[in-house]
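Using the hints provided, position chain R relative to the given structure of chain C.
Number of protein chains: 2
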Amino acid sequence: MRIGFDLGGTKMLAAVLDDDRRIVARTKNKTTGVDNDGVFAQIQDTIDGVLKKAGISRKDLESVGIAAPGPIDMSSGTILSTPNLGLKDFALSARLGDALGCPVYLENDVNAGLWGEFVSGVARGKRHVIGIFPGTGIGGGIIMNGTLFRGKNGSAGEIGHITVQTDGRRCGCGNHGCLETVASKTAIARDLALLAMNGQSPVLAEAGATDIKLVKSGLIKKALDAGDYGVADVIDHAAYFLGIGMAAMVNTFDPEMIVLGGGLIEKLGSRFTDRAERTMRERSMPRLVADVAVVEAQLGDDAAVVGAADLADREHGGEETAG
Amino acid sequence: MRIGFDLGGTKMLAAVLDDDRRIVARTKNKTTGVDNDGVFAQIQDTIDGVLKKAGISRKDLESVGIAAPGPIDMSSGTILSTPNLGLKDFALSARLGDALGCPVYLENDVNAGLWGEFVSGVARGKRHVIGIFPGTGIGGGIIMNGTLFRGKNGSAGEIGHITVQTDGRRCGCGNHGCLETVASKTAIARDLALLAMNGQSPVLAEAGATDIKLVKSGLIKKALDAGDYGVADVIDHAAYFLGIGMAAMVNTFDPEMIVLGGGLIEKLGSRFTDRAERTMRERSMPRLVADVAVVEAQLGDDAAVVGAADLADREHGGEETAG
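If you're matching them up, the sequences are chains C and R in order.
The number in our numbering is simply the position in the first sequence, starting from 1, with 854 added.
The number in our numbering is simply the position in the second sequence, starting from 1, with 854 added.
There could be a bad hint or two in this list.
Where chains are identical, the list cannot tell them apart; a pair therefore holds if satisfied intra-copy or between any two copies.
[Claimed, not checked] With a cut-off of at most 25 Å between alpha-carbon atoms, the simulated SDA-like pairs for lysine to any residue come out as follows: (1) 1006 x 1145; (2) 907 x 1084; (3) 913 x 903; (4) 1006 x 1140; (5) 1121 x 867; (6) 906 x 874.
Read the hints as simulated data drawn from the structure, not as lab findings.
The following block holds chain C by itself, in its conformation from the complex (with noise of 0.2 Å):
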């Protein structure tokens, strides 16, 4: 039996997996731990209670996987700094492998999700793959020729920073117009918060949303589907710029299937999708973009605690690529 766990800023899922991928137990807990030490046994507890929930012990676990925010040295498993979480060179691999008698393998929670779709989801049977997944920031991950890529830092696919807007507004990496400025759940709830200060929008303002922390992804799709004036104009305009960022994934990596996926997304469908696909495709290369499928992830949650799990089991077993 193994492992997969998410190390999330607001809450972590802990999860225990069969030999075919299929989840047989799962515990989830709110994030409280404010540094290394604090988390480390909050991790250790949230594994405790999955192990009793499938009513197994720590003995009976092959591997444990774990996702966690970036950024992250994969070389020593160590989560380098994570400001929200308070962590800061938290080797984690090591120290929960001596806790647990197993090895540990942690990777970035976007890659964890996406390879979770690519072997149990969406992206099953495909080679090439780029995600996109908006929220805070903009995740991306990209996996090609079967193979996650991570570049020399284990960093690539930060697609929420290429540029979109030559002279746009300054992004929290120092550069101007990154993608995320503009397409990320953040930036769209900042011009939703206007929108209710405003009086654009009657749901938004009667939610007190003009604290752009009230805007959540299911008040966005209340205040859609009213029809409110101007808030169906901020999410095309997001997807327009999501859809640029697309493009450009098209025409340097050529891959068969974006999937985008979140909680934006999960909320707002194809109302959001549809409107970044139409723009990537007028963007793309015709030649390239003609077969490149969009799709909206699929297993949600039980994403990354699947990818990671998996991924810890080839590293175990000395796997690198899967299809």
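Chain R only, in chain C's frame:
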């Protein structure tokens, strides 16, 4: 012995290489054929010419690697269409293989050139390399994990067609604001021709360079060196956008090295590449870009023949990576 062959729109270059990838003989001819049969006859003449120079005959050949302008169907070794050569569904690998009695391998010329730099030039010993070659358009090649990445259609690396100006000029591909609309040699020549017209560059005006076709790389260098008003500005503008494209490559591929090549780069050198590199560094994720080397290609016209010959060797011998 093996032959590397570069089939270009204006000239074709054949070279005989020994087992250490050293060129022992070269023959260059103007490309004058205007259809499949005409070009095929010229290719055979050029090969026979270089064989004679090397003092060997067709039966001494183990393999031939050909670099050709795309698009190419890799699986059948066919050049699908090349308007300026008049080629259409040209099954070069099969046809030349029959004529020579040895395997003939066909590769996109940009990929072949980058591969040449990778096995024998400036990128030797690297694993993750991006090649960008501003010319009529902007060619791009991607080597990851020591392997040339081709994507599903053999066309990965169309770096010239990533959007760098959201609402920029219309590109030949149908999109707007593609990198090659602002940073190709053709785009630079277009802007410089206007300077010649407006009397803002005496050197260009004297050369009659209101005709874009007359704005050659050597003339651009001369006008720059003369301190002509406006010319430096055009070059900086193009280099700035090239830097934005390079930053997109750094952020999505996490490479070790970016190789810049082609006639324009050869002539202008650091006058062009320094500005591009500075913009790239400003606009990339700091953690990723810190140790990215930006270098000029060093093999010149030999890159594609060396690369094509080496790829043919590997294809023939079944190898797939180098480093």
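A quick look at each hint next to the structure:
In this assembly of identical chains, residue 1006 and residue 1145 lie within 25 Å of each other by CA distance solely across copies; the values are 10 Å between and 30 Å within a copy. Taking CA atoms no more than 25 Å apart as the test, residue 907 paired with residue 1084 passes in neither setting, with 47 Å inside one copy and 72 Å between copies. For the homomeric pair residue 913 and residue 903, the shortest alpha-carbon distance inside one copy (14 Å) is at most 25 Å, but the shortest distance between copies (71 Å) is not. Taking CA atoms no more than 25 Å apart as the test, residue 1006 paired with residue 1140 passes between copies only; the shortest distance there is 14 Å, against 31 Å inside one copy.
With identical chains, the CA atoms of residue 1121 and residue 867 are at most 25 Å apart within one copy only, with a shortest distance of 21 Å there and 57 Å across copies. In this assembly of identical chains, the alpha carbons of residue 906 and residue 874 lie at most 25 Å apart only when taken from the same copy (20 Å versus 62 Å across copies).
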